[in-house]
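Q: Everything in the sequence shown is counted per full-length UniProt numbering, starting at 1 for the first residue and increasing by one.
Careful: at least some of the hints might be erroneous.
[As the list claims (entries may be wrong)] Here are the simulated lysine-lysine pairs, BS3-like style, with alpha carbons at most 25 Å apart:
1. Lys-37 to Lys-124
2. Lys-520 to Lys-664
3. Lys-327 to Lys-124
4. Lys-661 to Lys-535
5. Lys-597 to Lys-535
6. Lys-743 to Lys-715
7. Lys-545 to Lys-610
8. Lys-95 to Lys-260
9. Lys-96 to Lys-233
10. Lys-520 to Lys-610
11. Lys-674 to Lys-664
[To be verified] Label-pair ranges, simulated between beta-carbon atoms:
12. Gly-321 to Glu-198: 33 to 41 Å
13. Val-494 to Arg-563: 37 to 45 Å
14. Ala-718 to Arg-396: 18 to 26 Å
15. Ala-462 to Phe-517: 36 to 44 Å
16. Ser-395 to Ala-711: 17 to 25 Å
17. Ala-718 to Arg-394: 16 to 24 Å
Calculated from the structure, these hints are not laboratory results. Quick caveat, the model's predicted, so the values are computed rather than measured. Cβ atoms here follow ideal geometry from the backbone N, Cα and C, with glycine treated the same way.
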Amino acid sequence: MSVMPQSLKTVKRKLVDRYAGPYLVKRKVGNLAYELKLPKDLALHPVFHVSLLLPHKESQLPGRHPPEPASIEVEGEEEYEVEEVLESRRYGRWKKLQYLVHWMGWGPEHDSWEDAADLANAPKVVQKFHSTHPDAPSPLNKKTKSLTVEPCSALAAQVLVDALARLLVTLGVPKIIVEWLHRKLEGRRTRLKFDDFESEPFDILSGIDQGCPLSVILYGFYNSPLINSACQKKGEIAVGSMDDVALITVGRTFAETHSKLCDFFDRPGGAREWSASHNSHFSLDKFGLLNMSRRVTDTLGPDLTLGSTTIEPSAFHRFLGVLVDSKLRFHQHVAAALGKGLVWVMALRRLARSQYGLAPALIRRLYLAVALPSTLYAVNTFITPITKPDGACRSRGSIGAVNKLSRIHREAMILITGAMRTTATDIMTAHADTLPFALIIDKLCHRATVRMCTLPPTHPLAPHIQRAAVQYVKRHRSQLHELLHTYVSADSPVRMEKMRPARYHPNTRPAARALTFDDKDLVLEEDEQWMREHKVSVYTDGSEKDGGVGASAVLVRRDNAHRRTLRLYLGPSTDYGIYEAEIVAAIMGTELLRTEKDAVNGPSVALDNKSSIDASQQISTRPSHYLTDYLLQRAAVLHVHSTEKKVRRPKLTLRWVPGHKGVKGNELADLEAKRATQGATENSSARRLPSLLCRPLPISAAKVRLTYVQALSEKATAGWRASVRGRRFLSTDPALPSPKYMKSIKSLSRRQAAVLFQLRCGHVPLHSHLHRIGRAPTPTCPRCGNAPESVLHFLLTCPAHGNARARYLSGMGRRGRDLSALLGTPDAWQPLLRYVGATRRLVHTFGDVTPQQDSRAEAEGPRCRNRASR
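Let's have the full structure, built from the sequences with the hints guiding it.
A: Here it is in structure tokens:
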């Protein structure tokens, strides 16, 4: 291209070449012009006349190179355009990623290695290189991963009893248990029977009893050598449950990871040897292979060859009920969850027909208890919490997935309320007493996060949870980082109570006995009799007041007005509840009895909380069971020892007394508990308190969950009342959202509840609404033809229904002429339904909505008149 007509920024025009280039010819324009591909720094029109162009010819002289193209200015700095990435490597001590770059307009002698950070403005070129070279070092991850899911075809049906017994002994299971299991599993016989065939009895040589709860536990032991054979130092990780085992290998290339997979199967003590020795054969045709890499590519990676079987990689595979994909985006699982939820909704739809379906309360219970948990199984695995950081304009998280799954929630709300499909979701959610779908996701994820924080230190996940809670990394955050950072504080895994999977032997008898009654008057008489028969008695109570939680115990003597008291401030009401305060108060009560000389016969602690008393008789894992365990330990000490001399005492009795019913000891304990809520300054001396209560107590997991659910309810209420529809509903039902509406319609049938809801929200098959959605040619009332047929017109002003209105609504007085009172007052719903049934305006959609007693009376009316005439 000739530079003479151009105004180039040079020192002297005579010092530059007459022609610049070479430049690529893109196309021919007409007969005398060509369009060139010019650099971005040349602000020229790309079409030139042939007189200004000269064909490029390579120089035949050695060492002569074409003139260097001009650089491009980007943000005030010179840059050169990347034409192609030729190769990548890890270089230097820190293994920095570098690319061999071919520059636009430069020859191959100018190709150079550049750091990956210097190619930030050429992402498409880098992406193209990695799509064609999947095994090259990646800019996002130094290593690649290969994952295989290995299903065993045998499961518990082919467990070798002798091999299981040897393994249990090796793992330290007591010999008496191993011998009992061996006797249980040997000498079994059965027969096959189907249709008209019945086989002869034959011996069962292998397997665990199907349906036995021990089968899951025993196969976990049986499967452990396979999982333990993975060597983490070699980049192998094996995880699994029952017959599903996943092996993860880490390497720099897929060839390396596949080599490790083959070695895991074929080495001595590997998977093939375990399969042969344990009678558990692998189904190679069911194996799944995922080649996982963070590089941007759509290829699935190479195949894996195990012996004579070739396993093709897949985009996703199901493992423990979750569809895991190679990019860990979980798009396939979201689609599967959506499909599963829609199947549940279709099943519920057959039970929720508008005329003869189940009541709304039953549909709501089925949705919340069955359909929703099945749809959102492992939701904390594939849904990232939606958050909006401070100062951010947009929210982050799994917004698209939540929006897709919210379709299920909307369909369920339509079934629960009986609404038309044009009704807004927030109106249905407020009436159905459910949270918005996004808040339901938060509730489930928060519950899973709290459950992880309660894992004991011996659990394999415990150290990972603590590290993820303390450090919120900037890149490559796992789901643990997101959940712990969103829902709990950094010290929650340390401060929260720990749940032990097993507390006591099944035959353990509690060290304290419980004494409860259903009749409050009988309890008051029993308390008076107890005080007459015993010298001392202890009353305890817990209180929550002004954001604080306190507990107290008061020892009352029969013949002495002097009493002893212990008080303790547990902490804020967001971390502890009344339940924990009651158990702490009972612990302090046992301490008062232990240090009392006269409390030898019949020691008792009187509480006004039945759940705390019932918890002392349970051996299963429960919230705050560490407090109950300590209470029973103190009761056992009280049962054996005295303060000054060793004497045998009866068991501690935990008695229930009604609160605020005039029981003197309980009233005293209540006053002391309210005093304890004021703060730690009101605590009793540490020397008088049990050792457990001398240090801060762990946070209650149940209270943390309850506090969060209450916060979600408040958030949903605030969002509803701030919306346009929420403000419109203030005159009809100011209590929404609340459970009052669902409780009020319990006595109504399905059709009655549906027509009532549609009248309340205005989306009802009357001509005014049908015309608005294009289902009626005109909004005019078909009965009178004077005005649009709205809800107000249908119920209060239509002259065609004047007789029915005078018969059923006039007796209500002013409420019968107020639309908000008719639709918002439960006492007015029966006359309203009688009126709607008498008009027969909606009979084609809902049938007869007249209350059943009225319809029977109308049906029997002619018969009664005929009998009277006779």
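Q: For which of the previously enumerated hints does the structure constitute a violation, in increasing order of number?
A: Result: no hint breaks.
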